[in-house]
Amino acid sequence: MKTKTLAAALALTTALSVTACGGGEAKGTGDTITMMVRLFGTAPSPDGELQKAVEALIGKKLSITWVPDAGYNDKANVTLASNNLPDVMVVDEKSPSFVKTAEAGAFWDLTGKLDKYPNLKPLDPQTARNSMVNGKTYGIYRTRPLLRSAISIRKDWLAKVGLPAPQSVPDLYRIANAFTEQDPDGDGKKDTYGLIIPKWTGKYATASPYDVFETWFGAPNGWGLRDGRYVPGFDTPEFLAAERELKKWVGEGLVNPDFATLDTGHWMDPFVQGKGGIIIDVDVRATALYDRFREKNPKDADKVLMVGNLRRADGQKFSSPFTGYNNVLAVSKQRVRTEAQLDELLRVLDKLEGKEGSILLTNGIEGRNFKLEGGYSVPIGLDDPKVKVLQNDVDNAFIQLGTRYSVNGGYYPLKPADEAKRALIEQRKPMETEDLKTAVFNPALGVIAPTAVAQGPTLDKIIPDARVKYLSGEIDEAGLQAEIRRWYAGGGSKITQEINDFLK
Amino acid sequence: MATELAPRQAPVESPPAPPARRIWRHGWLYLMVLPGLAYFLIFRYWPMYGLTIAFKDYLPFLGYSGSPWVGLKHFEELLTGPDFARIMVNTLILALLTLLFVFPAPIVVAVLLNEVRHSVLKRSVQSLIYIPHFLSWTIVASLTYVLFSVDYGVIAQAIHAVVGGRPVDYVAQEAWFRPIIVLQSLWKQTGWGTIVYLAALAGVDTQLYEAARVDGAGRWRQFWHITLPGIRPALVVMAVLTSGQLLDTGFEQIWLMTTSLNRSVADVFDTYVYQVGITQGGYSYATAVGLFKAVIGVLLIFGTNWLAKRLGERGLY
Numbered sequence: 001m002k003t004k005t006l007a008a009a010l011a012l013t014t015a016l017s018v019t020a021c022g023g024g025e026a027k028g029t030g031d032t033i034t035m036m037v038r039l040f041g042t043a044p045s046p047d048g049e050l051q052k053a054v055e056a057l058i059g060k061k062l063s064i065t066w067v068p069d070a071g072y073n074d075k076a077n078v079t080l081a082s083n084n085l086p087d088v089m090v091v092d093e094k095s096p097s098f099v100k101t102a103e104a105g106a107f108w109d110l111t112g113k114l115d116k117y118p119n120l121k122p123l124d125p126q127t128a129r130n131s132m133v134n135g136k137t138y139g140i141y142r143t144r145p146l147l148r149s150a151i152s153i154r155k156d157w158l159a160k161v162g163l164p165a166p167q168s169v170p171d172l173y174r175i176a177n178a179f180t181e182q183d184p185d186g187d188g189k190k191d192t193y194g195l196i197i198p199k200w201t202g203k204y205a206t207a208s209p210y211d212v213f214e215t216w217f218g219a220p221n222g223w224g225l226r227d228g229r230y231v232p233g234f235d236t237p238e239f240l241a242a243e244r245e246l247k248k249w250v251g252e253g254l255v256n257p258d259f260a261t262l263d264t265g266h267w268m269d270p271f272v273q274g275k276g277g278i279i280i281d282v283d284v285r286a287t288a289l290y291d292r293f294r295e296k297n298p299k300d301a302d303k304v305l306m307v308g309n310l311r312r313a314d315g316q317k318f319s320s321p322f323t324g325y326n327n328v329l330a331v332s333k334q335r336v337r338t339e340a341q342l343d344e345l346l347r348v349l350d351k352l353e354g355k356e357g358s359i360l361l362t363n364g365i366e367g368r369n370f371k372l373e374g375g376y377s378v379p380i381g382l383d384d385p386k387v388k389v390l391q392n393d394v395d396n397a398f399i400q401l402g403t404r405y406s407v408n409g410g411y412y413p414l415k416p417a418d419e420a421k422r423a424l425i426e427q428r429k430p431m432e433t434e435d436l437k438t439a440v441f442n443p444a445l446g447v448i449a450p451t452a453v454a455q456g457p458t459l460d461k462i463i464p465d466a467r468v469k470y471l472s473g474e475i476d477e478a479g480l481q482a483e484i485r486r487w488y489a490g491g492g493s494k495i496t497q498e499i500n501d502f503l504k
Numbered sequence: 001m002a003t004e005l006a007p008r009q010a011p012v013e014s015p016p017a018p019p020a021r022r023i024w025r026h027g028w029l030y031l032m033v034l035p036g037l038a039y040f041l042i043f044r045y046w047p048m049y050g051l052t053i054a055f056k057d058y059l060p061f062l063g064y065s066g067s068p069w070v071g072l073k074h075f076e077e078l079l080t081g082p083d084f085a086r087i088m089v090n091t092l093i094l095a096l097l098t099l100l101f102v103f104p105a106p107i108v109v110a111v112l113l114n115e116v117r118h119s120v121l122k123r124s125v126q127s128l129i130y131i132p133h134f135l136s137w138t139i140v141a142s143l144t145y146v147l148f149s150v151d152y153g154v155i156a157q158a159i160h161a162v163v164g165g166r167p168v169d170y171v172a173q174e175a176w177f178r179p180i181i182v183l184q185s186l187w188k189q190t191g192w193g194t195i196v197y198l199a200a201l202a203g204v205d206t207q208l209y210e211a212a213r214v215d216g217a218g219r220w221r222q223f224w225h226i227t228l229p230g231i232r233p234a235l236v237v238m239a240v241l242t243s244g245q246l247l248d249t250g251f252e253q254i255w256l257m258t259t260s261l262n263r264s265v266a267d268v269f270d271t272y273v274y275q276v277g278i279t280q281g282g283y284s285y286a287t288a289v290g291l292f293k294a295v296i297g298v299l300l301i302f303g304t305n306w307l308a309k310r311l312g313e314r315g316l317y
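For the protein sequence lines, the chains are A and B, in the order given.
Numbering of the first sequence is given in the numbering used here, commencing with residue 1 and proceeding in unit increments.
Numbering of the second sequence is given in the numbering used here, commencing with residue 1 and proceeding in unit increments.
Since the hints were made in silico from the structure, they are not lab data.
Every residue, glycine too, gets a C-beta built ideally from N, C-alpha and C.
Fair warning: there could be bad hints in the mix.
[Stated by the list, open to error] Derived DSSO-like pairs (lysine-lysine); straight-line CA-CA distance at most 27 Å:
| id | chain 1 | residue 1 | chain 2 | residue 2 |
| --- | --- | --- | --- | --- |
| 1 | A | 121 | A | 333 |
| 2 | A | 386 | A | 60 |
| 3 | A | 461 | B | 73 |
| 4 | A | 355 | A | 52 |
| 5 | A | 355 | A | 113 |
| 6 | A | 155 | A | 296 |
| 7 | A | 75 | B | 293 |
| 8 | A | 371 | A | 351 |
| 9 | A | 461 | B | 293 |
| 10 | A | 429 | A | 415 |
| 11 | A | 199 | A | 75 |
| 12 | A | 494 | B | 73 |
[To be verified] Listed next, with one range per pair, are the computed distances between beta-carbon atoms:
| id | chain 1 | residue 1 | chain 2 | residue 2 | range |
| --- | --- | --- | --- | --- | --- |
| 13 | B | 157 | A | 450 | 45 to 51 Å |
| 14 | A | 52 | B | 178 | 51 to 57 Å |
| 15 | A | 502 | B | 178 | 41 to 47 Å |
Let's have the full structure, built from the sequences with the hints guiding it.
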């Protein structure tokens, strides 16, 4: 009997492992589409009102794996390694693990295939190029503004020190200096600083405050042509000029002393608490800051001034653009095997991203959780717990599936809480249009150099680390140059060659 | 003794039964072993099959068996690569610091606690110091940032007020990385570690102390000749077990305390594997690194155990 039990246990083990390895045999998606999507709050129930409405619209069942945003990239990488891919996956198409998996043939190459579908075909050619991987389109990009860099400044402090809104980097320096030296919070103590920079864990050229600052000085955004060859942005005199200037700021105490460690989650705290007065980030940061002030005191919330990109000292202007999208929806080949099945799935997605679908994904159900008022959506029925759930499902989950309309406004923009906020929101579009005229695009955004994929993770860290070390005074300019040489020696030269070969 | 010297007479039991019969006879015992056995087979041994990808260029799409075999390529890359020396040195230094400060700390505290005669005081101190064990590293790291931040850290500002000079950024700077890590480990793990030693101390026969006192031995003598030999077996077992985990510097703690400024001393095997394997998708290479670390861990266990036996202790096995 014991031996039988042992045999049963062993059989069970084998069965488990077999199921673990052989998930991908089912053909076609049938009636259910599996998805993996970012989540920003509580996961929607599969029987939720919104999911049912979406399913009714597209005529398919959805089985969605909602993964909290904080761990999304890790989970995506593990999923890519698991051989158990969802049909549709929100994914960073430039991450090494996705590139490797896609190039091995696990995802559909959608290059040229999307034009048939009116709601999936790329609207903006620059963004379409940005979202490519070495000339191939692996997914439907999720639209974001093409430029959204902006500076948020404490409006009340600015009035106190009697300075106008900045136009140039020297203007901003004067403001940072006044915020530090002239006691803008009026408590009689020298306990404030100008610029607030957080610990940035991203790579070089990922729209960090440093990257934006360097662009203003005329440094290339990521990669740029110098003497007929593409060079990395940090190997230019403009980059060094920007770092020198920023180091001066740090040295004079105009930057928060914990800029190497301040958690990005607490980026806004010093601004709201009245310790610092300038944040170089994106336009939605200004409204987020405004909301924080409004939470504290709705009567006295108008403390955020938003300005666009700045000119450098000689009057020339270079603006830092965004990629125009954030992640793509990629289609895996695990269950979608044939062109016909792909067409079927894309037609479903086309429906989902159309007008009706977009409203469901980004606003919800009209007459249930919102009503229309002069083109704005106005929330209704907030006392009803069911409506609350519906609103949560929209804001924290399904909106992430939108590609044409998404978190930057929704199909119908939300009616602003008051005039000051409306002004901040309405300032975005003209600012974007104006700064796009001087935008410095990254020509290599669609290129993934093979060496960058194969190389160890330490290469990506060299430049961002060296930058912080230089600013904090751990290394001098010679040391910074040495780090740049170390990047070249550690694989950077090969990457430069590959980028040049590709862009030629 | 006497029984051994006595001539072998008819044994109490019949000669060893065939295995099947023996299993049948102790059936219940074998049945009780099964869940444990299944656990090890399913969760410990079966996954080791995955280690084969350390010798392949694993691509998920091609599967375990479909990926091309590359032999020791990844190990060569690791040992000759630019990162290896730094990671090995960082890991070893942290391991040595752990061995030097974190390992003996619970012993010292346990012995001190054992000397406390006031039992309420003893028990409340014991409970208080092992509470940090239940906090996650995320919380410990956040607390560290709050207390030591150059901008608003209470402790950092207190030190600055006393010592003067330029404010020191304890949480960011290279020089302070290792002391902070050791301090965190001490704060979090010491109390928990004392439990084992207190149990060992409780097992020491109190009559020995009484006898020693009668013979005129002071506190120090009692500690040296009774307490220490009393807990030595526990000490040796803990030492052997710790040695196997020496290279496990722990992922969360290090990862959470890494900044741009201290990365050159903070990169260790555990964080490296995460970066290569999870964020870069270098599954095979990361597995090779992990396997390499595990092999060193096994060697260390064997080595320490051998040493323990040479020194006349019983060792782990």
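Outcome of the hint check:
1. 121/A / 333/A: holds (20 Å)
2. 386/A / 60/A: holds (24 Å)
3. 461/A / 73/B: Holds - the C-alpha atoms of residue 73/B and residue 461/A are around 25 Å apart, at most 27 Å.
4. 355/A / 52/A: holds (17 Å)
5. 355/A / 113/A: holds (21 Å)
6. 155/A / 296/A: Distance of about 16 Å is within 27 Å: holds.
7. 75/A / 293/B: Satisfied, since the Cα-Cα distance of roughly 24 Å is no more than 27 Å.
8. 371/A / 351/A: holds (23 Å)
9. 461/A / 293/B: Holds. Residue 461/A to residue 293/B sits at ~23 Å (cutoff 27 Å).
10. 429/A / 415/A: holds (16 Å)
11. 199/A / 75/A: holds (23 Å)
12. 494/A / 73/B: It holds: about 21 Å lies between the C-alpha atoms, which stays within 27 Å.
13. 157/B / 450/A: 45 to 51 Å: holds (50 Å)
14. 52/A / 178/B: 51 to 57 Å: holds (56 Å)
15. 502/A / 178/B: 41 to 47 Å: Since the Cβ atoms of residue 502/A and residue 178/B sit about 43 Å apart, the hinted range of 41 to 47 Å holds.
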